[in-house]
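Asks: Sequence:
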Amino acid sequence: MPVLVAAADWSVQRMKEFTAQGLANMVWAVAHLDLQNEIQLLALADAVIDKASLLQTQNVANIAWAFGRLAVRNSRLLQALSTRLQNTAGFDPQNISNTFWAFATLLCHDAALMTKLAQEAHQQMDRFGGQDVSNVVWSFATLMLQDWPLVCALRVAALRNQPQMQPQHLSNTVWAYSTLQVPVLELCPACIVRLPEFDLQGLANVSWAVANSIYSDHPLLEATERLLCSSQILDMHCQITSADVYWEMSRFSNHICQLIWAFSFSGRLTPDLGERLKRTLLDIGLNLDRMELEPHSEREPKKA
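In my numbering, the protein residues as written are 1 to 304.
What the hints contain is simulated information worked out from the structure, not anything from laboratory work. Keep in mind that this is a model prediction, so the values were computed, not measured. A virtual CB, placed ideally from N, CA and C, is assigned to each residue, including glycine. Among these hints, one or two may not hold up.
What the hints assert, rightly or not - Listed next, with one range per pair, are the computed distances between beta-carbon atoms:
| hint | residue 1 | residue 2 | range |
| --- | --- | --- | --- |
| 1 | A111 | D50 | 21 to 29 Å |
| 2 | I49 | P271 | 51 to 59 Å |
| 3 | Q181 | N25 | 35 to 43 Å |
| 4 | P189 | Q146 | 27 to 35 Å |
Full structure from sequences and hints, please.
Replies: Now the structure itself:
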């Protein structure tokens, strides 16, 4: 890792010599390596802004994805990327879905860009894969966008792609459609088949979605209850692997609360499941009490 940090430092010093493609590659690599250096990220953002007019569609989508993955919201950069995308062509499903995902992750509701991306998505819908569908419909639910013809077209694409969809894509899609008040119960059988592969967030998402859709007797809830009571998925130590323990505990406890709500609202919170969820929350509290936490350890979107 020290070698990578040194390489990143060197790159910042030579930033003005980079081509637009080179900048896009650099930003993509920084995101994949999760190099959280505020000075470097600000320098990268400024360099991208300077060369924005030279970026190709894929470059822009990759840069947007990278800053979304790093949870870095730079308003000037996002505006430059948006302006460039509104004046380029050559979109493909991955470009469209990654850009939707990035702007939604950073909670940036750019109406003009969303309209442009939606138009491109309509034209490319036959080529959308499971992850593309999941990214876009998740973005619609997160930003509460309204383009019902596209939402319906994405629903058809989700059903077409469900045999190939990964657990995360399935759970995000079911959650998003429930948030948008558009039931997609046809995806639930695929969820049940893949349920042992779901992480806790995925289980919380699909349980919340089914309960929110007022299907209290759906087999998915019964299958989720069995899995929660018979596996180690509620074991906090098996789930929290990040070095940012406080952030992970916050997410973990949020998923537990989501499960409690879903099973309570649907009238399916059995004594066994209720006791397991309660014990898990108590364990989280006890662990937090034992930790000496930094006051600002929670990881929020940064401004660069």
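Asks: So, against the hints stated earlier in the document, which numbers end up violated here?
Replies: none
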